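J.: Using the sequences and the hints given, assemble the complete structure.
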Amino acid sequence: MTCIQPPINYYKIRKSYYLNRGAEIERILQQKFETLRSQPTTWDYGVAGVLRECLHGLEEAEIASGMRGTGRTIRDTPGLSRVKKVYPGIQGFPLRFPDSPEMKYTEDSESNPILDRLRKTLIHHRNREGSRFALAVYIYPYPNHIGSCWVYIASLPPVNRRR
Numbered sequence: 248m249t250c251i252q253p254p255i256n257y258y259k260i261r262k263s264y265y266l267n268r269g270a271e272i273e274r275i276l277q278q279k280f281e282t283l284r285s286q287p288t289t290w291d292y293g294v295a296g297v298l299r300e301c302l303h304g305l306e307e308a309e310i311a312s313g314m315r316g317t318g319r320t321i322r323d324t325p326g327l328s329r330v331k332k333v334y335p336g337i338q339g340f341p342l343r344f345p346d347s348p349e350m351k352y353t354e355d356s357e358s359n360p361i362l363d364r365l366r367k368t369l370i371h372h373r374n375r376e377g378s379r380f381a382l383a384v385y386i387y388p389y390p391n392h393i394g395s396c397w398v399y400i401a402s403l404p405p406v407n408r409r410r
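The working numbering puts the first residue of the sequence shown at 248, with every later residue one more than the last.
To be clear, the hints were calculated from the coordinates, so they are not data collected in a lab.
As the structure is a computational prediction, the values presented were derived from the model and not from experiment.
Incorrect hints may appear among the rest.
Label pairs and their in silico Cβ distance ranges [stated by the list, open to error]:
1. Glu354 / Ser328: 34 to 40 Å
2. Pro405 / Ala311: 36 to 42 Å
3. Gln278 / Pro390: 27 to 33 Å
4. Leu369 / Tyr258: 36 to 42 Å
Listed below are the simulated DSBU-like cross-link pairs for lysine-lysine, each with C-alpha atoms no more than 35 Å apart in a straight line [claimed, not checked]:
5. Lys279 / Lys351
6. Lys331 / Lys351
7. Lys262 / Lys332
8. Lys367 / Lys262
9. Lys259 / Lys351
10. Lys351 / Lys367
11. Lys332 / Lys367
12. Lys332 / Lys279
13. Lys351 / Lys262
14. Lys279 / Lys367
15. Lys279 / Lys331
16. Lys262 / Lys279
17. Lys332 / Lys259
18. Lys279 / Lys259
19. Lys331 / Lys367
Note that CB positions come from ideal geometry on N, CA and C, so glycine has one too.
T.: Listed below in C-alpha cells is the structure:
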C-alpha cells in the first residue's frame, strides 16, 4: 500500500538564524521601549545576559514537564538569585511567543505582538531616579524554522553603592 501523504521535509536548525533573529528582536524592543519612556533609559546588559540564560532554562523546563506549564519558574534559576543579591527589588517577568519566519517580530509596527504586549505591561512607566532596565530575548529553536520566543523585561531599582 502506498502513502498518499506527500513526504515531509524537515529543515535543519541553524543556530545562527535564531541568534541573529533574537538580537534583532531585542534591538527593536529596546528602541521602542525607549520611545515609550519620558526619561532616558539606562540598560543593564550584564543582567540581560543572565536573564537570557534563565530564559533558555525555562523552555527546557517546559519540555521536561511535557508542556503542561509545571516545570520550574524563572524564580528557581540560580542566575536570577545572583541578580536579586545586587538588585533585591527587581521587578520583571518573562513573556513567551510562538515564533516562525512569518511572525512580524522584527518589524517596528503596530502589528508586532511582542511590542504590543510589552507596551501593555506598563513597566516603561517606572521612572524612579537611578532605575535601570534589562531586556533579554531568547529563541529556543525547533525544526523547520519554528521557535519559542522568550522575552524578559525587568526594572532594576537604584543600588546604593556606598560601602
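J.: None of the hints should be skipped; say for each whether it holds.
T.: Status of each hint after checking the structure:
no. : hint                        : in the structure
1   : Glu354 / Ser328: 34 to 40 Å : holds, 36 Å
2   : Pro405 / Ala311: 36 to 42 Å : holds, 37 Å
3   : Gln278 / Pro390: 27 to 33 Å : holds, 31 Å
4   : Leu369 / Tyr258: 36 to 42 Å : holds, 39 Å
5   : Lys279 / Lys351             : holds, 15 Å
6   : Lys331 / Lys351             : holds, 33 Å
7   : Lys262 / Lys332             : holds, 32 Å
8   : Lys367 / Lys262             : holds, 30 Å
9   : Lys259 / Lys351             : holds, 22 Å
10  : Lys351 / Lys367             : holds, 18 Å
11  : Lys332 / Lys367             : holds, 28 Å
12  : Lys332 / Lys279             : holds, 29 Å
13  : Lys351 / Lys262             : holds, 19 Å
14  : Lys279 / Lys367             : holds, 13 Å
15  : Lys279 / Lys331             : holds, 26 Å
16  : Lys262 / Lys279             : holds, 26 Å
17  : Lys332 / Lys259             : violated, 40 Å
18  : Lys279 / Lys259             : holds, 32 Å
19  : Lys331 / Lys367             : holds, 25 Å
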